[in-house]
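**Q** Spelled out, the chains give:
There are 2 protein chains.
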Amino acid sequence: MESLNVAIAGLGTVGQGVWKYLVEQSGPLGQRAGGNLIPYRAAVRDLQKKREVEIPASQLTTDPMDLANDPQVDILCELMGGVELPRKVTLAALENGKSVITANKAMICEHGAELFEAAERTGARLYYEASTAGGIPIIKAVREGLVANRFPLIYGILNGTCNYILTRMEREQKSFEEIVGDARRLGYVEADESLDLDGWDTAHKAAILAFLAHGRWISMQEMPVEGIREVTLDDLAWAKELGYRVKLLAVITRHLESNCIFADVHPTLVPEDLVLANVDDVFNGVSVTGNIVGETTYIGRGAGQNPTASAVITDLVDATIDRLNGVTLPPHASYGPAPALAELDDVRRPFYLRLRVADRSGVLADIARIMAHHDVSIEQLVQKPYREPDQAHLIMTTHCTSERQMRDAVRDLEADHAVQCKPLLLRILNVEV
Amino acid sequence: MESLNVAIAGLGTVGQGVWKYLVEQSGPLGQRAGGNLIPYRAAVRDLQKKREVEIPASQLTTDPMDLANDPQVDILCELMGGVELPRKVTLAALENGKSVITANKAMICEHGAELFEAAERTGARLYYEASTAGGIPIIKAVREGLVANRFPLIYGILNGTCNYILTRMEREQKSFEEIVGDARRLGYVEADESLDLDGWDTAHKAAILAFLAHGRWISMQEMPVEGIREVTLDDLAWAKELGYRVKLLAVITRHLESNCIFADVHPTLVPEDLVLANVDDVFNGVSVTGNIVGETTYIGRGAGQNPTASAVITDLVDATIDRLNGVTLPPHASYGPAPALAELDDVRRPFYLRLRVADRSGVLADIARIMAHHDVSIEQLVQKPYREPDQAHLIMTTHCTSERQMRDAVRDLEADHAVQCKPLLLRILNVEV
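Chains as they are written, first to last, in my numbering: chain C, 1 to 433; chain B, 1 to 433.
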């Protein structure tokens with residue numbers, strides 16, 4: 001059996017997990033892959049640091065570029081974190097014809113176009129199963145398992161931290177701040193909190209899923225992204241009364257006739273009878289609707305040493321099979337003319353709107369008039385008391401409405417004297433796309 | 001680009017769907033597969049029959065062996081139904097070095113050992129994504145997407161008809177007989193009803209999943225199999241009161257230390273907070289726990305023309321890639337020494353027991369004594385009125401108990417004068433394996 005040398009750039013928990021697996025399971029893994037996978041070299045920041053896995057000093061370097069330029073290295077696992085250095089290392093490795101495996105969603109998202117172009121040019125291949133939804137083999141499922149399909153709708157819970165926070169808020173009736181404090185203490189929140197809480201991590205993964213399904217990169221500038229900081233305990237309770245649960249959702253649509261795609265990230269009301277409404281705690285879930293297969297759903301752990309290592313090893317076996325047999329395949333599941341990006345203004349769906357208003361006669365008529373003026377049709381309306389007796393909450397859901405209409409209506413509502421503070425607008429999942 | 005000739009044995013709805021797809025989507029499909037897939041020949045029972053797809057007479061034959069023996073055929077899709085003829089055709093095609101794709105769960109289940117052995121001998125390959133859970137790419141997920149893992153627990157809802165019946169019984173409060181009548185009229189029940197209603201279709205798929213995950217065939221004689229005919233509306237309601245929903249479940253366990261596996265099919269109480277408890281109607285769902293990745297769950301349509309065609313096309317693309325690049329891989333995800341089969345007697349889990357008893361003093365003491373004698377520990381007990389006032393239903397759930405203890409206890413209960421008819425014993429899903 002042929003042997004392939006594996007280098008790991010970045011020996012954090014995932015990198016160590018993969019190295020350990022290669023040492024302990026090399027026999028069975030080789031049998032599966034049709035070639036021996038040798039843990040060959042690793043790049044670390046600190047050579048002296050004590051690690052769970054012991055690696056002889058001769059196999060370690062502090063410069064990941066050493067791995068990318070080492071002619072003995074066949075497959076490089078990029079597990080470093082950060083963006084610029086990983087990009088440089090990945091690019092060099094691809095240009096040297098190595099297979100590269102990465103879990104780095106920010107890097108793929110920002111530099112995917114360049115990286116996949118380099119891979120195509122050199123005949124190398126870039127694998128990214130571990131970048132999205134952790135241990136769920138969603139990349140393989142969409143790219144290979146549903147290869148007959150185009151994908152009118154993909155939506156998913158892609159950030160375990162936000163899902164954990166929303167689940168605990170609802171279960172324990174505690175505020176966002178209280179639960180975030182707990183999550184920080186448990187180490188569940190990334191050092192750059194905005195990645196989790198403001199939706200950017202979810203957005204990175206949404207961009208990867210959009211590329212995977214539609215072969216087009218959507219930049220962060222093109223994608224409306226909103227996190228969970230504005231969602232209150234009351235919103236969770238009121239959504240529930242209306243038959244929904246609130247999840248931070250990435251939604252990626254493709255209109256097959258106009259060949260337009262759209263992706264965004266919002267805290268979203270999910271009808272409670274849908275499977276994803278009940279995917280809780282740190283779990284991720286992705287619903288993929290194919291035009292042939294119908295809806296399929298995938299659930300599992302989206303992060304953590306072992307789930308991520310499981311995904312990296314999937315890619316290692318694929319990379320080995322591909323290298324040994326000379327297989328090169330498109331990195332995504334799309335074909336035909338590249339899709340255009342739809343305009344946010346034209347996206348249509350139902351909305352949830354929470355207003356705090358002066359509790360006096362005529363106010364409801366004003367609000368209703370503004371909504372009617374923008375042709376926004378109200379589906380349900382509930383008035384809830386507010387702690388100040390002269391104010392009240394108005395909770396509304398709308399029928400399908402365009403983002404433009406809704407934005408204009410909210411602008412006029414905000415300007416109305418009866419409205420006491422910035423309205424909260426949440427999206428409601430629309431599965432009829 | 002190289003071309004591969006595809007033959008389809010059996011032009012039912014799925015076969016026609018695949019042929020049509022090959023005609024209409026050959027360009028994009030070829031791009032994905034790295035080779036052109038040509039719809040080349042098909043075998044049908046009746047040459048004169050009008051079909052949705054029009055195929056020139058010169059491409060049709062009534063003898064599927066013609067396809068298996070045609071040197072021009074590269075890939076054969078076996079979509080015939082039945083067992084003996086498909087087996088003969090599949091075997092001949094494999095021995096002629098063709099790639100074979102099948103959706104035939106009964107054939108794989110009965111003759112898998114022989115067929116995969118023939119494939120290994122001749123270097124051909126047999127693909128079976130469409131045989132289990134329809135459009136859900138579960139075979140690919142377990143074999144490739146979770147390749148790092150061993151699988152202590154797999155359980156699934158694998159028969160859409162039974163799930164549809166149980167869902168409608170509960171939702172509409174109608175009896176099994178009423179809903180089965182409807183399902184028959186809608187064409188949801190197989191001609192041989194026992195396949196669906198007595199659990200054999202589920203058992204076939206359980207055997208395939210067990211082979212996929214553990215590399216060992218479990219015969220129908222080795223697998224305890226029970227359908228849904230004995231489950232009443234009352235059982236569904238009482239299970240719900242206790243926090244469960246009743247699903248026809250295949251359960252496949254592997255004890256990693258003793259290297260024993262076990263598989264069986266029973267109507268099973270699933271804790272209502274588990275995802276699969278809420279997979280309803282004709283949907284299938286499979287929970288796969290890997291020792292590295294943890295629990296992952298897959299949901300989608302388990303049958304029908306389009307979902308099945310989606311799975312066949314997945315295999316067609318894989319078969320093309322494998323043939324063009326000379327890839328051969330093990331057909332399952334297991335390695336190391338083959339597992340042994342555990343004894344039914346030793347399988348431990350909680351149970352649900354429904355007894356109809358004489359409603360008089362001392363009866364409960366008798367029942368409790370019998371349970372205690374067999375060391376069966378009761379977890380919950382509820383008495384429910386029966387339509388005859390001198391009788392009552394006793395509903396019990398137990399703590400984890402061996403099948404042997406439970407069988408012995410039920411035998412003694414049946415012999416007790418107070419017990420009025422055969423007790424109903426259902427399993428409760430045990431996720432702590």
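By construction, these hints were calculated from the structure, which means they are not laboratory data. Check before you lean on any hint, since a few could be wrong.
Calculated from the model, a selection of chain C residues having no Cβ within reach of chain B, i.e. all distances over 10 Å [to be verified]:
no. : residue
1   : L60
2   : I313
3   : D318
4   : N325
5   : H374
6   : Q383
7   : K384
Simulated restraints on C-beta separations [as the list claims (entries may be wrong)]:
no. : chain 1 : residue 1 : chain 2 : residue 2 : range
8   : C       : V382      : B       : H417      : 54 to 62 Å
9   : B       : V23       : C       : V433      : 22 to 30 Å
10  : B       : N430      : C       : D234      : 53 to 61 Å
11  : C       : A113      : B       : E379      : 54 to 62 Å
12  : B       : Q31       : C       : D375      : 38 to 46 Å
Taking beta-carbon pairs under 8 Å as the criterion, some of the chain C residues facing chain B (in silico) [what the hints assert, rightly or not]:
no. : residue
13  : Q31
14  : R32
15  : I136
16  : K140
17  : Y188
18  : I292
19  : V293
20  : G294
21  : T297
22  : Y298
23  : P307
24  : A309
25  : S310
26  : P385
Keep in mind that this is a model prediction, so the values were computed, not measured. Where is the CB? At the ideal position from N, CA and C, for every residue including glycine.
**Q** Are B/N430 and C/D234 spaced within 53 to 61 Å by their CB atoms?
**A** Once the Cβ atoms are compared, 39 Å apart, the range 53 to 61 Å for C/D234 and B/N430 is violated.
**Q** For the pair B/Q31 and C/D375, does the Cβ-Cβ distance stay inside 38 to 46 Å?
**A** holds, 44 Å
**Q** Using the Cβ atoms, figure out if C/A113 sits within 54 to 62 Å of B/E379.
**A** holds, 58 Å
**Q** Would the hint on C/I292 be counted as holding, given a Cβ-Cβ threshold of 8 Å to chain B?
**A** Holds: closest Cβ of chain B sits about 4 Å from C/I292, inside 8 Å.
**Q** Quick one, is the C/P307 hint okay against chain B at 8 Å, beta carbons?
**A** Holds. Min distance 5 Å.
**Q** Evaluate the condition: distance from the CB of C/D318 to the nearest CB of chain B exceeds 10 Å.
**A** violated, 7 Å
**Q** So C/N325 supposedly isn't at the interface. Is its beta-carbon more than 10 Å from every beta-carbon in chain B?
**A** violated, 4 Å
**Q** Would you check whether the claim that C/K384 is not at the interface survives, using Cβ distances to chain B and the 10 Å cut-off?
**A** Non-interface label stands for C/K384: nearest chain B Cβ at 28 Å, farther than 10 Å.
**Q** When you look at the beta carbon of C/Q383, is every beta carbon of chain B farther off than 10 Å?
**A** Given that every Cβ of chain B is farther than 10 Å from that of C/Q383, nearest at about 32 Å, it holds.
**Q** Measuring from the C-beta of C/S310 to each C-beta in chain B, is the shortest one below 8 Å?
**A** holds, 4 Å
**Q** Minimum Cβ distance from C/Y188 to chain B below 8 Å?
**A** violated, 16 Å
**Q** Any CB of chain B closer than 8 Å to the CB of C/T297?
**A** Where the cut-off is 8 Å and the nearest Cβ of chain B is about 4 Å from C/T297, the hint holds.
Violated hints, in rising order: 2, 3, 4, 10, 17 and 26; the structure is consistent with all others.
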